[in-house]
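Participant: Sequences listed follow chains A, B and C, in order.
Numbering of the first sequence is given in my numbering, commencing with residue 10 and proceeding in unit increments.
Numbering of the second sequence is given in my numbering, commencing with residue 15 and proceeding in unit increments.
Numbering of the third sequence is given in my numbering, commencing with residue 116 and proceeding in unit increments.
Read the hints as simulated data drawn from the structure, not as lab findings.
Please note that a few of the clues may not be correct.
[Said to hold, decoys possible] Here are some, though not all, of the chain B residues that point toward chain C, as calculated from beta-carbon distances under 10 Å:
1) Asp96
2) Arg100
3) Ile102
4) Met115
5) Ser117
6) Cys186
[To be verified] The calculated EDC-like cross-link candidates involving lysine to aspartate or glutamate, where the alpha carbons are at most 20 Å apart (straight line), are:
7) Lys34(A) x Glu317(B)
8) Lys34(A) x Glu288(B)
9) Lys58(A) x Asp243(C)
10) Lys299(B) x Glu33(A)
11) Lys418(C) x Glu341(B)
12) Lys122(C) x Asp169(A)
13) Lys337(B) x Asp345(A)
14) Lys164(B) x Asp414(C)
15) Lys97(B) x Asp113(B)
16) Lys365(C) x Asp184(A)
17) Lys216(B) x Glu169(B)
18) Lys411(C) x Glu169(B)
19) Lys148(B) x Asp96(B)
20) Lys237(C) x Asp96(B)
21) Lys22(A) x Glu341(B)
22) Lys240(C) x Asp345(A)
23) Lys312(B) x Glu33(A)
24) Lys22(A) x Glu187(B)
25) Lys237(C) x Asp169(A)
26) Lys90(A) x Glu112(A)
27) Lys240(C) x Glu112(A)
28) Lys312(B) x Asp25(A)
29) Lys34(A) x Glu187(B)
30) Lys312(B) x Glu24(A)
31) Lys312(B) x Glu32(A)
32) Lys148(B) x Glu169(B)
33) Lys312(B) x Glu204(A)
34) Lys122(C) x Glu33(A)
35) Lys299(B) x Glu32(A)
36) Lys261(A) x Glu248(A)
37) Lys299(B) x Asp25(A)
38) Lys22(A) x Glu288(B)
39) Lys335(C) x Asp308(B)
40) Lys299(B) x Glu31(A)
For each residue, glycine too, the CB sits at the ideal point set by N, CA and C.
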Amino acid sequence: MKQNPLSFQLKLKPEDFLPATEEEKQSQIVMRESVSFWKDGMRRLVKNKVAMVSLVVIVLVMIFSFIVPAFYPYNYREQFKGANHLAPMEYSAEEQARIDAGEKVFPHIFGTDKMGRDYAIRVMMGSRISLVVGLIATAIILVIGSIYGSVAAFFGGWVDLVMMRIVDIIYTIPDILLIVLLSFALKEPLYNLKEVPGFGWVGVVGENLISIFIVFALLYWVGMARMVRSQILTLKESEYVTAARALGVSNKKIIRRHLLTNCIGTLIVTTTLQIPSSIFTESFLSFLGMGVAVPLPSLGSLASDALNGINTYPYLLFIPSALISLIILSFNLFGDGLRDAFDPKLKH
Amino acid sequence: MSEYLVDIKNERLSFFTPAGEVKALNDVSISLKEGEVLGIVGESGSGKSVTAYSLMGLTAHPGKLISGSLYFNGHQIEQMSDKEMRKIRGNEVSIIFQDPMTSLNPVYTIGNQIMEAVLLHTDKNKAQAKERAKELLELVGINEPEKRLKQYPHELSGGMRQRVMIAIALACEPKLLIADEPTTALDVTIQAQILELMMELKDKLGMAIIMITHDLGVVASMCERIAVMYAGKIVEYGMTEDIFYEPKHQYTKGLIRSIPRLDTKEHERLVPIEGTPVDMLNPPKGCPFAPRCDACMKICLREMPPVTNFGEVHYTQCWLNQKEEFENASCEKGAANE
Amino acid sequence: MLKYVAKRILLAIVTIWAVATLTFFLMNMVPGGPFLSEKAISPQATAALEAKYGLDKPLIQRYFTYMTDALHGDFGDSLKQRGRTVMSIIKMKFPVSARVGGISVLVALCLGIPLGCMAALKRGKFLDSLISVISTCGIAVPSFVICTLLLYVLGVNLRLLPTMGLTSWKHYIMPVIALSFYPTAYIMRLMRSSMLDVLGQDYMRTAKAKGVAGFWILFKHAMRNAILPVVTYVGPMLAYTVTGSFVVEKIFVIPGLGGEFIGAIGGRDYTLIMGTTIFLATLIIIMNVVVDLVYKLVDPRIKLK
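Put together the whole structure using the sequences plus the hints.
Facilitator: Quick look at the structure:
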């Protein structure tokens, strides 16, 4: 550290040693822009390429299943004579004749099924059903689960004990048993309900679909309830909430400022990850033949129906299988992206 | 052979984070003789821990040594392989961390964790290692060592765990002990006990200590040498008397002013250092302390201050000290011209 | 410890009782009955059958009869498979499912744990991305898709493996792949995130500062802490997997408990439904206790309550 300070020649002038003004000092302080929790999270989310690609895929699938069918020339229950088991882009004899006559015929992009129905529109309807089930079931699960979980956490004591015991019991019963029994049990009342004036919509939505919603609502909220409960319990114990209370912050403000911001991130993430799980279960049920009723297709039932013809018409199986995997995958990846962006505990 | 046990010269170290390069250490030089105690003082993020960790080859993931030479006890640390480093770590140089609550592995017994260090670096067999572990526990003032060996970290108090950490660090009688804020996480009464213990052990074993802390009070009583760090630089370095009685850097002066003292008059208030530390991602061009300095000059905002020496050891990096020299020089020049 | 065991046993009995009761009443609420679908049988014959199995008695009475019998270890005869007791059916079918399921869980553990660790260690590198992609796909693809894909490629197209039954070791390959796919992916994810968590802990730094070699740091100091979430997951998962997956058993034509259970529900084989449900519930509860004990063994901080 022996260095003659003036040996490295800096041109120093006496005025350099004059005191600096306050403004000059301030101009040196480069403050990093302080951002809110949500802004910061959004920025990270947008930066996450995988999550963004997944979001695009989800939007595309939604367009494919909700908007495209309206403009599609075929109907999902319409059967074409002599058009059974057409390969993708193939035309039936009758259609070929019409084309030869100069008429324009819309191609069967994915071919047709064994009943001669256009497979592309069936796949679209199938993904519509899967998405609807996924979204609505998740919404129901979210509402029931978070109410149940927060009630248990807030009251604590024996209320908590009893409520969580019930959750344990539901956890222990094999879900397949409950699903099957419930959907059988619900069939008749729903069928009768359809006839009651004012409940005609039940028939429009489909009794099976509604019974699936109810089954999901009754079964799968347990995971959500456990999550919400533990989240709230941790928050209740956390020192910053105690600190806020000690500072005299009102309960309302504590809930808004601390509980909600800390909980909502996790809640959004869990909900997003619940959607693919609901779709997953619905497809599994449909595969077992306990899902939506014919002729309404779902991706699971399409795959299940195609299983018998696997040797000769494998594409009938692969198209819905690939689509359902894609939907679940993109929801999962998007959910992961949300978690990376919004879970404050993962912030490094 | 160097006359020093530790001799770090012009160390530069950066963390390459996704947001950009963080220059954590900027031309840091430190030296320490055998059996001496060096205090490194500074606020969080000033680079004191990074300096110590780099000496042990423990630089965390995106960090990289850019340049400089790190000499320790006959080794050139920057040239050593990980395997060679492992032989030194825990053997010739040991470290005590800040938080004894989390620094011990919760799933193994105290005995297991002390014996591990002994077994790694000596030829002792298990029974001998156990004897040694018992000795070490006695050395750090833990009663009933036999019983403690079988206990898990969560069964001990914070002070007790820090003593265990010290026992692990001393397992192979290191030449150098790095203490990274060893008392920050402890109660005040325990703090004093731990510091006292460390000094006692230093005298008994003759090791050198690097004491990292933000508490000037701790270093005053323990250290021979003090390095004051700010924003990855050593802004002032000297013997303890130099730093306390003749502080040259405005930051050091600020630190000393902000120590509570018994003889402070009632109407006098403690003087805090205003402002916040620099953003290490976008460090200012000039002296990093300039925006918080109450004697800031125009040059401070523009240029990095050069080193000013005061005697053998004591030096600082501050334009204020250059000012006098500059004025003297220009006076001389003026005198010569006349 | 004794208090803990007593408490757990009591709790288990209460839970099993609750599950059995719930199942019993729900099952009977559902329209249909075991003998309705058999069209060839005359109403008189149906009535005679129902009388034989006591189905003509009031529900409450049947409930108490069943519960008393079950307490004595008698789960009754199957209503649909004449001349077979529920116990003998479970005894016959469970080993089949357990063998396939057990192998699958083993495969999942042997692949998932090391791969998850490797991903955590190579964080951000190519290997990590590769493992992440595989595990995300593994979680996203439903089991029936995997089964059918395997069946089509390996069984039908390439004719490498037999497609049905369980007569040779070759028969096990496809069902085991299908069954272990999801758990492998899940364990990989769990292991990766908990390993990353552990690697950032202070005690890992302590171990490094002691001079512990890389492999030992991982094996001794990180593994034992990082394995805990996997233990929690594997317990119940094991119970579910060894009792058989309906989809896998249906597609690969395996005579296991999973298929039997779905068949029983569809055919309203009341006694078989009850027997299998109680069996599964017991297994899950036992697994949960095992998980707690393993937890205690791995992490000394845990206190059994």
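Participant: Each of the hints needs a verdict: does it hold here or not?
Facilitator: Status of the hints after comparison with the structure:
Evaluation of the Asp96(B) hint against chain C yields a held restraint, the C-beta minimum of about 8 Å falling below 10 Å. Because the beta carbon of Arg100(B) sits about 4 Å from the nearest beta carbon in chain C, less than 10 Å, this interface hint is met. Among the interface hints, the one on Ile102(B) holds; its C-beta lies about 7 Å from the nearest C-beta in chain C, closer than the 10 Å criterion. With a cut of 10 Å, the hint placing Met115(B) at the interface with chain C holds, because the nearest CB-to-CB distance is about 8 Å.
Interface hint status for Ser117(B): upheld, as the beta-carbon distance to the closest one in chain C is roughly 4 Å, under 10 Å. With its C-beta approaching chain C no nearer than about 9 Å, Cys186(B) sits inside the 10 Å limit, and its interface hint holds. Using a Cα cut-off of 20 Å, the hinted pair Lys34(A) and Glu317(B) holds, with the two alpha carbons roughly 13 Å apart. Restraint check: the Cα-Cα separation between Lys34(A) and Glu288(B) comes to about 13 Å, which is no more than 20 Å; the hinted pair holds.
With a C-alpha separation of about 16 Å, the suggested pairing of Lys58(A) with Asp243(C) holds against the 20 Å cut-off. A C-alpha spacing of about 13 Å is found between Lys299(B) and Glu33(A), which places the hinted pair at or below 20 Å, so the restraint holds. Only pairs whose Cα atoms come within 20 Å are accepted, and Lys418(C) paired with Glu341(B) is rejected, the gap being roughly 72 Å. This hinted pair checks out: Lys122(C) and Asp169(A) have alpha carbons roughly 18 Å apart, not beyond 20 Å.
The hinted pair formed by Lys337(B) and Asp345(A) fails the criterion: a straight-line CA distance of about 57 Å is larger than 20 Å. For the proposed pair Lys164(B) and Asp414(C), the alpha carbon gap of about 15 Å is at most 20 Å, so the pair holds. With a C-alpha separation of about 27 Å, the suggested pairing of Lys97(B) with Asp113(B) is violated against the 20 Å cut-off. For the hint linking Lys365(C) to Asp184(A), the alpha-carbon distance of about 18 Å falls within 20 Å, and the restraint holds.
Note on Lys216(B) and Glu169(B): the hinted pairing is violated, with a Cα-Cα distance of about 28 Å set against a maximum of 20 Å. Taking the CA atoms of Lys411(C) and Glu169(B), the gap is about 15 Å. The hint holds against a cut of 20 Å. At most 20 Å may separate the alpha-carbon atoms for a hinted pair to count; Lys148(B) and Asp96(B) exceed this at roughly 30 Å. A hinted pair counts as satisfied when its Cα atoms are at most 20 Å apart, and Lys237(C) with Asp96(B) qualifies at roughly 17 Å.
At roughly 10 Å between alpha-carbon atoms, Lys22(A) and Glu341(B) fall within 20 Å of each other, so this suggested pair holds. Restraint check for Lys240(C) and Asp345(A): the C-alpha separation of about 18 Å stays at or below 20 Å, so the hint holds. Under the criterion of a C-alpha separation no larger than 20 Å, the hint pairing Lys312(B) with Glu33(A) is consistent with the structure, at around 8 Å. Annotation: proposed proximity of Lys22(A) to Glu187(B) is violated, straight-line Cα distance about 55 Å (limit 20 Å).
Under the criterion of a C-alpha separation no larger than 20 Å, the hint pairing Lys237(C) with Asp169(A) is inconsistent with the structure, at around 42 Å. Under the criterion of a C-alpha separation no larger than 20 Å, the hint pairing Lys90(A) with Glu112(A) is consistent with the structure, at around 18 Å. Under the criterion of a C-alpha separation no larger than 20 Å, the hint pairing Lys240(C) with Glu112(A) is inconsistent with the structure, at around 57 Å. In summary, the hint linking Lys312(B) to Asp25(A) is supported, as the alpha carbons are separated by about 5 Å, within the 20 Å threshold.
With a C-alpha separation of about 49 Å, the suggested pair Lys34(A) and Glu187(B) falls outside the 20 Å cut-off, and the hint is violated. Only pairs whose Cα atoms come within 20 Å are accepted, and Lys312(B) paired with Glu24(A) is accepted, the gap being roughly 8 Å. Distance hint between Lys312(B) and Glu32(A) is fulfilled; the C-alpha atoms sit about 11 Å from each other, no more than 20 Å. A C-alpha spacing of about 18 Å is found between Lys148(B) and Glu169(B), which places the hinted pair at or below 20 Å, so the restraint holds.
Pair hint Lys312(B) plus Glu204(A) does not hold up; C-alpha atoms about 88 Å apart against a cutoff of 20 Å. Restraint check: the Cα-Cα separation between Lys122(C) and Glu33(A) comes to about 72 Å, which exceeds 20 Å; the hinted pair is violated. In summary, the hint linking Lys299(B) to Glu32(A) is supported, as the alpha carbons are separated by about 16 Å, within the 20 Å threshold. Taken as a hint, the Lys261(A) and Glu248(A) pair is honoured in the structure, with Cα atoms around 18 Å apart against an allowance of 20 Å.
Restraint check for Lys299(B) and Asp25(A): satisfied, since their Cα atoms lie roughly 15 Å apart, inside the 20 Å limit. A C-alpha spacing of about 29 Å is found between Lys22(A) and Glu288(B), which places the hinted pair above 20 Å, so the restraint is violated. For the suggested pair Lys335(C) and Asp308(B), the alpha carbons sit about 53 Å apart, so the restraint of at most 20 Å is broken. Of the supplied pair hints, the one linking Lys299(B) and Glu31(A) holds, its CA atoms being roughly 17 Å apart against a limit of 20 Å.
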